[in-house]
Amino acid sequence: MSATKEKYTEEQYLEVDQYQPKTGGGRIANYVDTRVGGTSIVREFGRKVFPDHWTFMFGEVALYSFVILILSGTFLTFWFDPSMATTRYSGSYAPLQGLEMSTAYATALELSFDVRGGLFMRQLHHWAALLFVAAMSIHMLRVFFTGAFRKPRELNWVVGASLLILGLGAGFTGYSLPDEVLSGNGLRIIDGMLKALPVVGTYISFFLFGGEFPGSEVIPRLYVMHIMVLPAMILLLIAIHLFLVVTHKHTQYPGPGRTERNVVGYPVGPVYAAKAGGFFFIVFGILALISGTFQINALWNYGPYDPSPVQAGAQPDWYIGPFEGVLRLMPGYLGDFSLEWVIPTPWGGNSLAMPVLIPMIPVALIFLGMFVWPWIESWITKDTKERHLLDRPRNAPTRTAFGVAIVTNYMIMWGMGSNDLIATHFQLSLNDITYWSRVLFFLGPVIAYILTKRICLSLQRKDRETALHGDEAGVIQVSADGGFSEKHRRLDDYELWTLVSYDSPEPTPAQPNAKGKITLLEKFRARLNRAFYEDRVAPVSREEYLEALEHDHHEPEELPASGVGAIESRDH
Amino acid sequence: MKALSQKRRHPFAGVALLLLGLLITGGLYSAATTINEAQASENADAYSDPDNIEEGERLFVANCATCHGINAEGTDAGPSLIGVGAASVDFQVGTGRMPMQMQGPQAQQKPAQFNDEQTMQLAAYVASLGAGPAVPDDEYLDVDQGDPARGGELFRINCAMCHNAAAAGGALTEGKYAPSLHGVEPRHVYAAMTTGPQNMPVFSDANLVPEDKRDIIAFLQTYESQGTPGGFSLGFLGPVSEGLFIWTGGLALLIASMVWLTSRSS
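Protein sequences, first through last, are from chains A and B.
Per full-length UniProt numbering, the very first residue in the first sequence carries number 1; after that it's consecutive.
Per full-length UniProt numbering, the very first residue in the second sequence carries number 1; after that it's consecutive.
Everything labelled a hint here was simulated from the structure, so no lab data went into it.
A couple of the hints might just be wrong.
[What the hints assert, rightly or not] Stretch-level coverage of chain A by chain B, calculated; a stretch enters the list once three of its residues show a Cβ under 8 angstroms from a Cβ in chain B:
hint: 1; stretch: 40 to 54
hint: 2; stretch: 92 to 99
hint: 3; stretch: 270 to 282
hint: 4; stretch: 304 to 312
hint: 5; stretch: 409 to 422
Given the structure is predicted, the values throughout are model-derived calculations rather than measurements.
Built from N, CA and C at the ideal position, the CB exists for glycine as well.
Construct the entire structure; sequences and hints are all you get.
This is the structure we're talking about:
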């Protein structure tokens, strides 16, 4: 974008054509450049500036994990055969020899034991999948807690949220492919959820599985989703995601010299290209190290799929954990009241499996809320400005607290997915864990919200204190009359800037609409807005700072009590 | 199997099944009583030696009678041991579960309190109180004669729902648990199946014949001896420990490299 729009003369154009490089390498480069237009690409993208901060790299980790997933996954497709046809295992894993199993499981075992490097590639693929979703999740949390989803990035946030959902889908379809008992149990849960849907459930289940579960269709179908449809969609959305990042330019943390109109950092070429390229190999290296040393999804343990056994410690991969956990959390009865309802119909009755349906609500709400949050927040705050400077999480206490509350809720569902292992490893009663988690499911987010908000406000007050009075220097002075006081070190201007330059809006009351009427919805918005902004710590103003400087000259006068007057409440 | 499935709708199938069931039940009952006698006679040398029984009784009175009663008739604190058999004592005492350290949801495994001879004497005494499952013959503990693949299948159908597919153990209700089977001696695995200690169901010889039990033991031994082909096992706990690892170890490595990459060189 920075390229100047000069007018070129006819001679200048011809000059380009006549340019003759002197070296062999130069000739090749010039040949390619005149045909590909590398110069303009480099000029356009090579000068993009990216700010340096380690929290900005999780998106990159997700991208690199995805590249590794494609590389290792391609390798796996050369041997894996997603057929549910029965075969007799004759590979080299002794404890399964002679057993009947599906071709899918047999070829997954072949990959693990009889293909050179196959087990490593399988493990690399699986570890990369876990990291892919983990990196996306953290990236998303970083974006949320720093407010990077605000205008103009709302749509890119939606692209990112879609990528997360697609990542879950890709992960789950992959987890189901080897057709051992563990993944079959996972599919059985999906089957159960589908069948819990009133009226249409059975039809959808039969449609997906090609008949009664498990059928002989589902693995090939999931395979097509896993190796073609989902990766293609992910790839497309990644392209859109990155294109939008380039269009919007990267956000940056507040700091001296950083404004809403600039980006302070390093250009892609050469610094960032080198860093990012190197980082790809670091991610690859770390994943390879883990894959070479830590066993993952030891599918030979689980045995060929058979709908009857369920094994202890049967869990999905971590990102499906909350779905599993919320099902474990849900009681089937409330006292003597059964939650399974049968709706009488002329042809008998239609069963409503509420213990399966109800738990899907909180998970669905979290994911739905994730998609619409940018609009909810801007509706509440009435903030319509472009935001390229990030919020430090403490400077948006309500958003941070709300986010932590949701994360807490998610974590309780997630943890419940492994309640049996928590019971055995912490020597607790499985029942007690479940009962307490039911309470914490509702109470935990509330506690988390209150605590987080208090912590944020306290940190803001601490920042205020530091801005006004400096850091404690650790030097104790004794005055002539015997009084003790500690020296404070004033912050330099750069440090000060970061602490004082943030927005802390006051609540906006309900506004009348064009007809001069305050609607109920507007009143509701105003209430939310008040909840959002009423507890606030105002940033240090210029006057306050100058006054504090005045005090310095009157040392050892008593310092004003800390924090007083820093909080403005709504009845101010 | 094919012939069986074709004939199962035969008009006389039900009658045949009933007769078969009656025959098996009756046969097993008589067999069970004679097997115990037979096994008792096989192990006659040690387990029916009056000296051992007498020594066992002395040990019992000194160490077990507080809870199990002076004649092993049971008290409020512990069940009757009449008819539990030598295998039960061999398992409970041999794995250190008895004498129990404290009352709890389940007796914990700990270093054995008695040596092999004392355990045998205690078992001999308890076996003398009434017929029960005997200590398994060596023949059924010889894993070389077992079929690990078949044992694996039996294990997954009968055992893995509590003990985990990799025999790493699992949770039961209210603080009870199925322990890990790694490193458990074959005779104890066998005895656990015949006696059903703690919360474990009994897998009698009618349910799993001794050869089946041997296959399961052979599977466990093979499984253990092969190690973990893919590297460190992370506790054989499947996706939970894998997820925990990527969120802790994996991310720690990555974040360290990120911080390093974005730090200023100055």
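For each hint, the structure was consulted:
no.: 1; hint: 40 to 54; in the structure: holds (count 3)
no.: 2; hint: 92 to 99; in the structure: holds (count 6)
no.: 3; hint: 270 to 282; in the structure: holds (count 4)
no.: 4; hint: 304 to 312; in the structure: holds (count 6)
no.: 5; hint: 409 to 422; in the structure: holds (count 5)
Hint compliance for this structure: no hint is broken.
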